[in-house]
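Position chains D and L relative to chain W; hints supplied.
Chains as they are written, first to last, in this note's numbering: chain W, 1 to 307; chain D, 308 to 643; chain L, 644 to 979.
Hints are supplied without guarantee of correctness; some may be wrong.
[To be verified] Per label pair, the in silico range of CB-to-CB distance:
1) S60/W with V667/L: 45 to 55 Å
2) P203/W with K509/D: 23 to 33 Å
3) N340/D with S701/L: 30 to 40 Å
4) W215/W with N575/D: 50 to 60 Å
5) E460/D with V667/L: 15 to 25 Å
6) P941/L with I6/W: 34 to 44 Å
[To be verified] Straight line, CA to CA, 16 Å or less: simulated EDC-like cross-link-like pairs of lysine to aspartate or glutamate:
7) K917/L with D534/D
8) K732/L with E722/L
9) K509/D with E919/L
10) K967/L with E977/L
11) K917/L with E552/D
12) K659/L with E690/L
13) K414/D with D300/W
14) K510/D with E919/L
15) K710/L with E831/L
Quick caveat, the hints were computed from the structure, so don't treat them as lab data.
Beta carbons: idealized from backbone N, C-alpha and C, even for Gly.
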Amino acid sequence: MSITSIGIRIIRAFFTVFLLVTFVFVILRLSGDPAIQMLGIDVDPSALAAFRERWGLDKSLWEQYFSYLINLTQGDFGYSFIGDRPVWDVVVERLPKTLALMGLTTILTLGIGITAGIYAALNRNTAADRITMGISVASFSLPNFVVGIFLILIFGVMLRWLPTSGSETALHYVLPVLTMATADAAIFARFSRSAMLEVLSSPFMRTARAKGLLWSQAVRRHALPNASIPIITIGGIYVGRQIAAATITENVFAWPGIGQLLVLSVENRDLAVVQCIVILVGVTMVITNLLVDIAYGWIDPRTKKEA
Amino acid sequence: MKNVLEITNLKIGFGINDTNTTNVVHDLNLSINEKEIIGLVGESGSGKSVTCLAALQLAGSLAKVSGSVAFKGKSLLDLSEKDIAEIRGNDIAMIFQDPMSSLNPVKSLRSQIYEAIQLNNHHYANANKSLLEIEAIRLLSEVGIPDPKHRLESYPHELSGGMSQRAMIAIMLAGSPSLLIADEPTTALDVTIQAQILRLLKKLRNTHKMSIVLITHDLGVVAQTCDRIAVMYCGRIVESGSVIEVFKNPKHPYTKGLLNSRPKNVSNQILTPIEGIVPMPNNLPKGCAFAPRCKQAIQNCLDFIPKFTIENEHGVACFNPVSTKKELDKEGCLNE
Amino acid sequence: MNEKSKNTKQTFFNVKNLHQEFKVKTTGFFQANKIVKAVDGVSFTIEEGKVLGIVGESGCGKSSVAKSILNIYPPKLGEVIFNEQNILKFSEKEWRKLRRDIQYIFQDPLGSLDPRMTIINQIIEPLIIHKIGDKKSRISEALELLNSVGLTHEMAEKYPHELSGGQRQRVVLARALILKPKFIVCDEPVSALDVSIQAQVILLLEKLKKEMNLTILFISHDLSLVRYLCDNIAVMYLGKIVEQGPVESIYNNPKHPYTKALMSAIPQSNPFSKKEPIVLNGEPPSPMNLPSGCRFHPRCWMANDSCANKEQELFETKQSYEHKFACHVMYEKELK
Numbered sequence: 001m002s003i004t005s006i007g008i009r010i011i012r013a014f015f016t017v018f019l020l021v022t023f024v025f026v027i028l029r030l031s032g033d034p035a036i037q038m039l040g041i042d043v044d045p046s047a048l049a050a051f052r053e054r055w056g057l058d059k060s061l062w063e064q065y066f067s068y069l070i071n072l073t074q075g076d077f078g079y080s081f082i083g084d085r086p087v088w089d090v091v092v093e094r095l096p097k098t099l100a101l102m103g104l105t106t107i108l109t110l111g112i113g114i115t116a117g118i119y120a121a122l123n124r125n126t127a128a129d130r131i132t133m134g135i136s137v138a139s140f141s142l143p144n145f146v147v148g149i150f151l152i153l154i155f156g157v158m159l160r161w162l163p164t165s166g167s168e169t170a171l172h173y174v175l176p177v178l179t180m181a182t183a184d185a186a187i188f189a190r191f192s193r194s195a196m197l198e199v200l201s202s203p204f205m206r207t208a209r210a211k212g213l214l215w216s217q218a219v220r221r222h223a224l225p226n227a228s229i230p231i232i233t234i235g236g237i238y239v240g241r242q243i244a245a246a247t248i249t250e251n252v253f254a255w256p257g258i259g260q261l262l263v264l265s266v267e268n269r270d271l272a273v274v275q276c277i278v279i280l281v282g283v284t285m286v287i288t289n290l291l292v293d294i295a296y297g298w299i300d301p302r303t304k305k306e307a
Numbered sequence: 308m309k310n311v312l313e314i315t316n317l318k319i320g321f322g323i324n325d326t327n328t329t330n331v332v333h334d335l336n337l338s339i340n341e342k343e344i345i346g347l348v349g350e351s352g353s354g355k356s357v358t359c360l361a362a363l364q365l366a367g368s369l370a371k372v373s374g375s376v377a378f379k380g381k382s383l384l385d386l387s388e389k390d391i392a393e394i395r396g397n398d399i400a401m402i403f404q405d406p407m408s409s410l411n412p413v414k415s416l417r418s419q420i421y422e423a424i425q426l427n428n429h430h431y432a433n434a435n436k437s438l439l440e441i442e443a444i445r446l447l448s449e450v451g452i453p454d455p456k457h458r459l460e461s462y463p464h465e466l467s468g469g470m471s472q473r474a475m476i477a478i479m480l481a482g483s484p485s486l487l488i489a490d491e492p493t494t495a496l497d498v499t500i501q502a503q504i505l506r507l508l509k510k511l512r513n514t515h516k517m518s519i520v521l522i523t524h525d526l527g528v529v530a531q532t533c534d535r536i537a538v539m540y541c542g543r544i545v546e547s548g549s550v551i552e553v554f555k556n557p558k559h560p561y562t563k564g565l566l567n568s569r570p571k572n573v574s575n576q577i578l579t580p581i582e583g584i585v586p587m588p589n590n591l592p593k594g595c596a597f598a599p600r601c602k603q604a605i606q607n608c609l610d611f612i613p614k615f616t617i618e619n620e621h622g623v624a625c626f627n628p629v630s631t632k633k634e635l636d637k638e639g640c641l642n643e
Numbered sequence: 644m645n646e647k648s649k650n651t652k653q654t655f656f657n658v659k660n661l662h663q664e665f666k667v668k669t670t671g672f673f674q675a676n677k678i679v680k681a682v683d684g685v686s687f688t689i690e691e692g693k694v695l696g697i698v699g700e701s702g703c704g705k706s707s708v709a710k711s712i713l714n715i716y717p718p719k720l721g722e723v724i725f726n727e728q729n730i731l732k733f734s735e736k737e738w739r740k741l742r743r744d745i746q747y748i749f750q751d752p753l754g755s756l757d758p759r760m761t762i763i764n765q766i767i768e769p770l771i772i773h774k775i776g777d778k779k780s781r782i783s784e785a786l787e788l789l790n791s792v793g794l795t796h797e798m799a800e801k802y803p804h805e806l807s808g809g810q811r812q813r814v815v816l817a818r819a820l821i822l823k824p825k826f827i828v829c830d831e832p833v834s835a836l837d838v839s840i841q842a843q844v845i846l847l848l849e850k851l852k853k854e855m856n857l858t859i860l861f862i863s864h865d866l867s868l869v870r871y872l873c874d875n876i877a878v879m880y881l882g883k884i885v886e887q888g889p890v891e892s893i894y895n896n897p898k899h900p901y902t903k904a905l906m907s908a909i910p911q912s913n914p915f916s917k918k919e920p921i922v923l924n925g926e927p928p929s930p931m932n933l934p935s936g937c938r939f940h941p942r943c944w945m946a947n948d949s950c951a952n953k954e955q956e957l958f959e960t961k962q963s964y965e966h967k968f969a970c971h972v973m974y975e976k977e978l979k
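For reference, chain W alone in the conformation it holds in the complex:
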């Protein structure tokens, strides 16, 4: 991929994040008064006014917007209403927990999902294939939080085998990871299976065998590289959205990560924190998309033609 095309993508990425930030900025300020949220509705109006002045909420929307942008360029994400701490610190201290959870989930999802899908494709119409696909359908039919709550009920409350909230020990990881990974792995399994099946029936697979390659060799050398193209696309999108996906799971399992922080901050109209997290999510998605595009260009020579 040429430098120009990477450059274009980076510029586009900036634009996307910029639009995202602006959008969130406006929505948050239009959706409720932080002062009332923080102090309560029965408080003296002068206290509310003081709060607003302290946080610059009395200035015009434009002024707030521009000063925010200028601060951003200097790496200043503002201050949290709660505890008056720099937002960056607040967010960063929670980041490792989310990354640990997401990382583990991603590895399990991609590992199990893609493997199961490819295995099913290679053994099409056998019992193994049908069972795998049957389980997948069941898994992704259930919403994420239903599975979560269900698992909590059985393993946490009834059997008392696993803890259901917090993140202190390794055991704490089991339920949240399982919750997130089941549905996602199922989707990957189905998708990988179709991608693989399509490639397996391509004319070039027939050529590979006509050359004298064993089936296993043909699959390894010719089918997998081609099947990986669509899988990488979906994989990229998946990884990019992981931080966003964390929101629900972390809240179900009281996991002290960014997802939980996001929900709390929205409830409290803790504007700067919300904005920071949104930027983080946006940048993550954009970077993963960029990496996927580059990976594409590397694997599939046909894309080298396009900008």
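Showing chains D and L alone in chain W's frame:
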């Protein structure tokens, strides 16, 4: 002449289990001689492609194949995967109809041809890159690809139809096979490119002393390129013999019908189409499959399946063959 | 016949200086979109009741010509005169009316039919759109037409997927004919069909042409078929017509080197006359990088230095003013 390939009583059916099988090839017998180009002619549903695929055990897992296929005396149908893979590419090679999608789109030509060389030419099994390159360039030049060294860098989507087919042929020549099966190799190509490819195949037959099975529906291609012809209809060979003999004196009404229903690039031609449509393999009539469309069908044709009999190297399966000798006029058309 | 009477004769369908372009995306941020001239100054006329064939290999622009004259892709430049009017300037409403006189059939019969409508409904649909007749008369006309194209009344209630390829193409033909058009444009109408079915559909077209005095523009890559069906042909190469005229004159006596190569490449169904086709150098160049002057000169064995500089113009042959070709080298030879 020694037989390179001997197909005996070949039966091919497709189905999930034994009770649900549809037979597409019935009791097929065919010999292919050394250094001959034989045209295997038929329309859709004739079974011409699947016959050749089955010989190489490439007909797919749903295919139920019985009978025997012998390559230089060695039986192919019961070989293990490893053994048949040895034969493929090495002794028997196959090229297909749509060359552009028959090459792996994400691998360079270099990678694909090196793979073929290493697999099928034992001199190069462990060769280093520079030796492989020399051999690859030699193969590409042999099939007439200009500037082969640079061409190696190309990817399939950068090659034209004619170029990809040549590249395919080069890849399949890596193992110096004695038999090349060409399944409609020029159907998807322009007529001037087709002429180039057919000329190339004839040249290779001479230089490599290779036999070629040319699967096609185009009788003109057969007339210009092949020594022998075998005509298939609904899974059986209905006529076979030398091209000159069969074109001059077609015995089977289907062959005659085909010859008369194709425009022949002559002036003032009279086209006589074959009425009716080709029956589906799971809905074949009792008796001769062609009888419902045949202008000279007799009672036997409706009740029994005609046996294939050979007389003076001209074989036909018909109870009421075209009997009178026909002369071709100076432009190659049969006079009624 | 002198020049004057030639020009005053009413031509049924007259295409003048047709130009068609397509934009192609290229790499890089700052490179402009490249323009491909698919049709570069094509002119031809068709007389009423005659069949004009346009032949050429892939990339020559013949399909683009068809779509341009019907305004499916509005052409960049040019006039199409029908009934003394330039139909390219017609409004939507006028085009609708025109569809009663001009119809078209394209290659894929399954794609052309609505999979959810019964056959009879598809055939009467044009009558409904143009508000012709009442329910009863429409159905009886449609059934009659169904018979003329060789289909039975039982087919009327079936759906496209229940019919074979040949049957579908007949339905497409019936639907095109129900409005009793004067002119039909066919783009590869039979290439997707089995060989024995092709003859059926072609003969049908021929019969209907005679019965209805149809004028046909027949676009095909199948040269033998074109020779059978057409009265006149035009040979295209990379967007230009290189030779045109009466069919026998061109097939028997091609003047332009490309036409010569094309004709020689047609595989003859006569195994006795195995003539060597003229094999052209290389491949047709990419339409994005056209050679200067005569587009064929890089591959032409008769080319000299002047060929790269001179734009082609059409010359008449000695034998017939209708037979024209665009090669000054051959023309100079003719004059000697």
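Verification of the hints:
At about 50 Å, the CB distance of S60/W to V667/L agrees with the hint of 45 to 55 Å. P203/W and K509/D have their C-beta atoms about 25 Å apart, which keeps the hinted 23 to 33 Å range intact. Taken as a hint, the range 30 to 40 Å holds for the pair N340/D and S701/L, whose Cβ atoms sit roughly 36 Å apart. In this structure the hint that W215/W and N575/D lie 50 to 60 Å apart at CB holds, the actual value being about 55 Å.
As the Cβ distance of E460/D to V667/L is approximately 23 Å, the hint placing it in 15 to 25 Å holds. Checking the proposed 34 to 44 Å range against P941/L and I6/W shows it holds: the Cβ atoms sit about 37 Å from each other. Between K917/L and D534/D, the direct Cα distance comes to roughly 12 Å. Compliance with the 16 Å bound is thereby established for this hinted pair. For the hint pairing K732/L with E722/L, the CA-to-CA distance comes to about 8 Å; that is within 16 Å, so the pair holds.
Distance check on the hinted pair: K509/D and E919/L sit about 12 Å apart at the alpha-carbon level, within 16 Å; holds. Proposed proximity of K967/L and E977/L is supported: the alpha carbons are some 12 Å apart, at most 16 Å. Pair hint K917/L plus E552/D holds up; C-alpha atoms about 15 Å apart against a cutoff of 16 Å. A C-alpha spacing of about 15 Å is found between K659/L and E690/L, which places the hinted pair at or below 16 Å, so the restraint holds.
Distance restraint check for K414/D and D300/W: the Cα-Cα separation of roughly 8 Å lies within the 16 Å cut-off, and the hinted pair is therefore satisfied. Restraint check for K510/D and E919/L: satisfied, since their Cα atoms lie roughly 13 Å apart, inside the 16 Å limit. Under the criterion of a C-alpha separation no larger than 16 Å, the hint pairing K710/L with E831/L is consistent with the structure, at around 13 Å.
Of the numbered hints given earlier, the model fails none.
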